[in-house]
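Q: This is what each chain is made of:
2 protein chains.
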Amino acid sequence: MKIKGLLKQLHAIDRECCLLEKTAAILQWDQETNLPPEGVEERADQLALIEGLANERAADPKIGRLLAELGFDSADPSGSANPSGGEALPPVERDFCRALRRRYDRAAKLPPGFAADMARAGSLAQAAWVKARRKNDFAAFAPYLGTMVDFARTRAEYWGFTGGAVYDGLLDAHEPGIAAEEIARLFGPLRERLSALLGRIRDKTAAGPEAEGDRSFLNQPYDTERQARYSRDLMENLGFDLRRGRLDSSAHPFTTTLGFNDIRITTRYAENNILSAIFSTIHESGHAFYEMDISPDLRGTCLAEGVSMGIHESQSRLWENVFGRSRAFWEYQFPRLKAIFPEQLRQVSADAFYRAVNRVGPSLIRIEADELSYSLHIILRFELERRLFSGDLPVEDLPRAWRQSMKELLGIEPETDAEGVLQDVHWSMGSFGYFPSYALGNLYGLQFLKRLRQDLPDYEGDIARGSFTAIRQWLRENIYTWGRRLDPADLLFKVTGEKLSAAPFLEYIETKYTELYGL
Amino acid sequence: MKIKGLLKQLHAIDRECCLLEKTAAILQWDQETNLPPEGVEERADQLALIEGLANERAADPKIGRLLAELGFDSADPSGSANPSGGEALPPVERDFCRALRRRYDRAAKLPPGFAADMARAGSLAQAAWVKARRKNDFAAFAPYLGTMVDFARTRAEYWGFTGGAVYDGLLDAHEPGIAAEEIARLFGPLRERLSALLGRIRDKTAAGPEAEGDRSFLNQPYDTERQARYSRDLMENLGFDLRRGRLDSSAHPFTTTLGFNDIRITTRYAENNILSAIFSTIHESGHAFYEMDISPDLRGTCLAEGVSMGIHESQSRLWENVFGRSRAFWEYQFPRLKAIFPEQLRQVSADAFYRAVNRVGPSLIRIEADELSYSLHIILRFELERRLFSGDLPVEDLPRAWRQSMKELLGIEPETDAEGVLQDVHWSMGSFGYFPSYALGNLYGLQFLKRLRQDLPDYEGDIARGSFTAIRQWLRENIYTWGRRLDPADLLFKVTGEKLSAAPFLEYIETKYTELYGL
Numbered sequence: 000m001k002i003k004g005l006l007k008q009l010h011a012i013d014r015e016c017c018l019l020e021k022t023a024a025i026l027q028w029d030q031e032t033n034l035p036p037e038g039v040e041e042r043a044d045q046l047a048l049i050e051g052l053a054n055e056r057a058a059d060p061k062i063g064r065l066l067a068e069l070g071f072d073s074a075d076p077s078g079s080a081n082p083s084g085g086e087a088l089p090p091v092e093r094d095f096c097r098a099l100r101r102r103y104d105r106a107a108k109l110p111p112g113f114a115a116d117m118a119r120a121g122s123l124a125q126a127a128w129v130k131a132r133r134k135n136d137f138a139a140f141a142p143y144l145g146t147m148v149d150f151a152r153t154r155a156e157y158w159g160f161t162g163g164a165v166y167d168g169l170l171d172a173h174e175p176g177i178a179a180e181e182i183a184r185l186f187g188p189l190r191e192r193l194s195a196l197l198g199r200i201r202d203k204t205a206a207g208p209e210a211e212g213d214r215s216f217l218n219q220p221y222d223t224e225r226q227a228r229y230s231r232d233l234m235e236n237l238g239f240d241l242r243r244g245r246l247d248s249s250a251h252p253f254t255t256t257l258g259f260n261d262i263r264i265t266t267r268y269a270e271n272n273i274l275s276a277i278f279s280t281i282h283e284s285g286h287a288f289y290e291m292d293i294s295p296d297l298r299g300t301c302l303a304e305g306v307s308m309g310i311h312e313s314q315s316r317l318w319e320n321v322f323g324r325s326r327a328f329w330e331y332q333f334p335r336l337k338a339i340f341p342e343q344l345r346q347v348s349a350d351a352f353y354r355a356v357n358r359v360g361p362s363l364i365r366i367e368a369d370e371l372s373y374s375l376h377i378i379l380r381f382e383l384e385r386r387l388f389s390g391d392l393p394v395e396d397l398p399r400a401w402r403q404s405m406k407e408l409l410g411i412e413p414e415t416d417a418e419g420v421l422q423d424v425h426w427s428m429g430s431f432g433y434f435p436s437y438a439l440g441n442l443y444g445l446q447f448l449k450r451l452r453q454d455l456p457d458y459e460g461d462i463a464r465g466s467f468t469a470i471r472q473w474l475r476e477n478i479y480t481w482g483r484r485l486d487p488a489d490l491l492f493k494v495t496g497e498k499l500s501a502a503p504f505l506e507y508i509e510t511k512y513t514e515l516y517g518l
Numbered sequence: 000m001k002i003k004g005l006l007k008q009l010h011a012i013d014r015e016c017c018l019l020e021k022t023a024a025i026l027q028w029d030q031e032t033n034l035p036p037e038g039v040e041e042r043a044d045q046l047a048l049i050e051g052l053a054n055e056r057a058a059d060p061k062i063g064r065l066l067a068e069l070g071f072d073s074a075d076p077s078g079s080a081n082p083s084g085g086e087a088l089p090p091v092e093r094d095f096c097r098a099l100r101r102r103y104d105r106a107a108k109l110p111p112g113f114a115a116d117m118a119r120a121g122s123l124a125q126a127a128w129v130k131a132r133r134k135n136d137f138a139a140f141a142p143y144l145g146t147m148v149d150f151a152r153t154r155a156e157y158w159g160f161t162g163g164a165v166y167d168g169l170l171d172a173h174e175p176g177i178a179a180e181e182i183a184r185l186f187g188p189l190r191e192r193l194s195a196l197l198g199r200i201r202d203k204t205a206a207g208p209e210a211e212g213d214r215s216f217l218n219q220p221y222d223t224e225r226q227a228r229y230s231r232d233l234m235e236n237l238g239f240d241l242r243r244g245r246l247d248s249s250a251h252p253f254t255t256t257l258g259f260n261d262i263r264i265t266t267r268y269a270e271n272n273i274l275s276a277i278f279s280t281i282h283e284s285g286h287a288f289y290e291m292d293i294s295p296d297l298r299g300t301c302l303a304e305g306v307s308m309g310i311h312e313s314q315s316r317l318w319e320n321v322f323g324r325s326r327a328f329w330e331y332q333f334p335r336l337k338a339i340f341p342e343q344l345r346q347v348s349a350d351a352f353y354r355a356v357n358r359v360g361p362s363l364i365r366i367e368a369d370e371l372s373y374s375l376h377i378i379l380r381f382e383l384e385r386r387l388f389s390g391d392l393p394v395e396d397l398p399r400a401w402r403q404s405m406k407e408l409l410g411i412e413p414e415t416d417a418e419g420v421l422q423d424v425h426w427s428m429g430s431f432g433y434f435p436s437y438a439l440g441n442l443y444g445l446q447f448l449k450r451l452r453q454d455l456p457d458y459e460g461d462i463a464r465g466s467f468t469a470i471r472q473w474l475r476e477n478i479y480t481w482g483r484r485l486d487p488a489d490l491l492f493k494v495t496g497e498k499l500s501a502a503p504f505l506e507y508i509e510t511k512y513t514e515l516y517g518l
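Line by line, the protein sequences give chains A and B. Using numbering that gives the first Met the number 0, the letters of the first sequence correspond one by one to residues 0 to 518. Using numbering that gives the first Met the number 0, the letters of the second sequence correspond one by one to residues 0 to 518.
Chain A with its partners taken away, still in its complex shape (with noise of 0.2 Å):
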């Protein structure tokens, strides 16, 4: 039958372009957590070979004659909609193709060279700006920013998107299907009472600083390997699966998906910070599940990951803050944490480490951001790249528009741009629109929060009892087991019937943080 040999060649190419994308992450796996230092150099030369077959297999013309053939067109000059077609096929075929006129559309419409001029250009702008950071000298890096702001806009431009939809094609990018202004509509609210909600804590801790907790136990000496055993111990109590996966250290904590059954995480220890591993080990295996639990019936296919950046962190995110900052976590969590750690933590009540690891005060930098405000840092973010790509801020007042915005959103200002401007690594790599998806996560999580709890009202007696069977079997038949069959936006109002949407997240946050702060 015809159809079947069409697609048997789809998937044989499709086949080769996974193949060598996981090839390509286990480069870069291997270069975050094993390379030896001198290695680096031929490490780029072998990664930029890898991925360059990768996109060769992307953009293969083949692709584009095969999907017309089974009525895929690129209906949408974008190519970023749902394209549409193939009404003769099986479900996950039609996804699948659907799914694959997306990475084609995205990666033929670049004239050929363009991804590794990016590329380069992104290397040499990432070099720029780590000394540039280290240096806390923005007009240095400014000019390397400029390049990756023209380069983003270029390939928006190939992709479809002009005039002042260029931002949109790169929100799109991460996030299939959303808008500027819909994010604008989303975060205006969010802004406002995030605001609101951090002044009134502020005021609070001010007139009595008791109202935050005793935190000073947290300024111990806590022994790297024992906080390995404890993360080993953890992610196995909420069910990581070390036989289809490892946990490694590395600078910066992140998941990767190296083979279906082989999904890693990382994350960072330093002796005097004992949370940093925990919530990093906590939001990594979020991610993960989310990896490990797609239907094996994708395997192998572009339709076996996740299917945004933004879904993507509401699990990371639900995990990490919503089951991992939680009351009943720590009520199970805690004593075994203290059976690892007994000197530092003999004075400490599960409640206060509750209260410890909930603390809010507004930081300078995103990553150290307490649940509260971080997404503010984002919403800050998204104001300026909009901005940027509108062509109403010219890069060159970055530095002051920051400033100006902290000022207003988190009541703080950073005395140096290395605080600043340049704290991230996103805009050097040429990554803008990313940043949105960070906040996106906890407004899908909080969605995807209210119908689980409808469905497992005890969810947070699970948690208690350190039992995460349900809830997971629950996000993985809801969430995790589509894969990229469903666009964000189907997947959510599959899920709970309703659009993208702060209020739950806003209850969710304005209930925590009231109780806590005694407001």
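Mixed in with the good hints there might be a few duds.
Listing some non-contacts, in silico: residues in chain B with all C-beta distances to chain A over 12 Å [said to hold, decoys possible]:
{"no.": "1", "residue": "G38"}
{"no.": "2", "residue": "A47"}
{"no.": "3", "residue": "E92"}
{"no.": "4", "residue": "K108"}
{"no.": "5", "residue": "V129"}
{"no.": "6", "residue": "K130"}
{"no.": "7", "residue": "G207"}
{"no.": "8", "residue": "I262"}
{"no.": "9", "residue": "D296"}
{"no.": "10", "residue": "G299"}
{"no.": "11", "residue": "A349"}
{"no.": "12", "residue": "V359"}
{"no.": "13", "residue": "G410"}
{"no.": "14", "residue": "L455"}
{"no.": "15", "residue": "A502"}
Below are the DMTMM-like pairs computed for lysine to aspartate or glutamate, each with C-alpha atoms no more than 20 Å apart in a straight line [as the list claims (entries may be wrong)]:
{"no.": "16", "chain 1": "A", "residue 1": "K130", "chain 2": "A", "residue 2": "E37"}
{"no.": "17", "chain 1": "B", "residue 1": "K7", "chain 2": "B", "residue 2": "E86"}
{"no.": "18", "chain 1": "A", "residue 1": "K7", "chain 2": "B", "residue 2": "E86"}
{"no.": "19", "chain 1": "B", "residue 1": "K449", "chain 2": "B", "residue 2": "E459"}
{"no.": "20", "chain 1": "B", "residue 1": "K7", "chain 2": "A", "residue 2": "E37"}
Worth flagging that the hints you see were computed from the coordinates, not collected in a lab. We treat Cβ as the ideally placed atom computed from N, Cα and C, and that holds for glycine.
Following the hints, put chain B in place on chain A, whose structure we already have.
A: This is chain B only, laid out in the frame that chain A set:
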């Protein structure tokens, strides 16, 4: 200039081929050291793809055309001897073209799909071997082994080796330019004199076990984390540069080159066997030093690797046995080892330790064999392989032939095939003609040492002072720096002015063990 253009094209293809080979090596290294158990299947797919792409590059018909234009025809039908040509080229480019011609002929003479078919059959045979060894069931493995013999024979025939020369073709793949007849000539006196020496030692220890010295201190638990600490200390003392490499652990120790500045070794730690980790670490360090000290001018090309298995083993064995099992070595190292294991080694002297690591006791298992009898294990395999490919020995008769040879060469006989013909993985992978390199390495190594001793008369004094700088420099300048530029015989002649000979090795062994056992 035209020649420059041709060379540039050749280097571009070679560069990609080398990067792909290194990528495959990374996938394999990770498989041995890190891969979660469930990830094995997909890793095999990734590896097959990358190796296939590397093979495509190696057999790219463009290489044949470019080489022909440069005057490097495949003169010899076997493609195995030194192709000559390119008199107008700089010497290093001439060596590059020669090496490329060789690799190209090996790859391009195979019909499409042959390498992949053989790899697949090897995977099946290896799985069957694992099972057969566990169940001590040679009959179940025999058909797979027969298939691999056929594959190896067919491949040698494609390469141009026919009839009685088939086994020469297999040897040549591991040790360029050597033939079975020459090996037989070298192994003759080895066989005779090593067997005789072994007999004399056996008689002596049968008469009075005190000739062996007390080894009971080895039968204690040695904490594996401390073993790891000592191994790292040891390799650094030998001169291993950890900015350009790593030490990890795996079931079977190995060395792998993942980049010009990324050369990794593994060892294994067993609480009840401290010698295993120590001598594996030294052995693999020897391999690594060779790879680390190839001239940087050859970086990224097919010349940037050790020239043959035999020369490689000459280095690992020189470091492991000649240096690492010498009195001088333990004069310096033993106090360091004792500092890490004070309880276990309190009563032990450096001399007692030296004697313990040189105990001769014929073993059924090759990888557990002592320095003296090791070569006899190899001679046995060489003789059986030669008969297998001359048609003189059917696969089914291997177990009987094995037992008979063991009896004859080592004076012991395995009770099971698991401890006999099924002990090694090599044949299941189709690696015939590989074993002899281990013993050839012993011969090369002692010939090199004879020359080194002339240039560095006090090299043993250096070892006793824990200083390997001059030794390493000598090895680098005389051997390592060349990479694949010189064929094994040419390298040997350049360094020693001699042809391959068993005399220096035999003299070394006989002197050492006559003294050790007071014969």
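Q: Check the non-interface label on G38(B): least C-beta distance to chain A beyond 12 Å or not.
A: violated (3 Å)
Q: Minimum Cβ separation between A47(B) and chain A greater than 12 Å?
A: At about 9 Å from chain A, A47(B) fails to clear the 12 Å cut-off, so the statement is violated.
Q: Could you let me know if the closest chain A CB is still more than 12 Å away from the CB of K108(B)?
A: With a cut-off of 12 Å, K108(B) remains clear of chain A, as the shortest Cβ separation is near 26 Å.
Q: Since G410(B) was said not to touch the interface, does its Cβ keep a gap of more than 12 Å from each Cβ of chain A?
A: Answer for G410(B): holds, closest chain A Cβ roughly 45 Å.
Q: Checking the smallest CB distance to chain A, is V359(B) really beyond 12 Å?
A: holds (38 Å)
Q: Quick check for students: does the CB of G207(B) sit more than 12 Å from each CB in chain A?
A: Check passes; 49 Å lies beyond 12 Å.
Q: K449(B) and E459(B) were given as a pair; does the straight-line alpha-carbon distance stay at or below 20 Å?
A: Status holds; Cα separation ~13 Å.
Q: Is the Cβ of I262(B) more than 12 Å away from each Cβ in chain A?
A: violated (8 Å)
Q: Since E92(B) was said not to touch the interface, does its Cβ keep a gap of more than 12 Å from each Cβ of chain A?
A: Its Cβ never comes within 12 Å of chain A, the nearest being 21 Å, so this holds.
Q: Assess, step by step, whether the Cα of K130(A) is no farther than 20 Å from the Cα of E37(A), and give holds or violated.
A: Given that 20 Å is the threshold and the Cα spacing comes to 19 Å, the pair holds.
Q: A cut-off of 12 Å on Cβ-Cβ distance, and L455(B) was said to be off the interface with chain A. Does that hold?
A: holds (28 Å)
Q: Is it correct that the beta-carbon of K130(B) has no partner in chain A closer than or equal to 12 Å?
A: Nearest chain A Cβ is 21 Å from K130(B), so the label holds.
When held up to the earlier numbered hints, the structure conflicts with 1, 2, 8, 10, 18 and 20 and fits the remainder.
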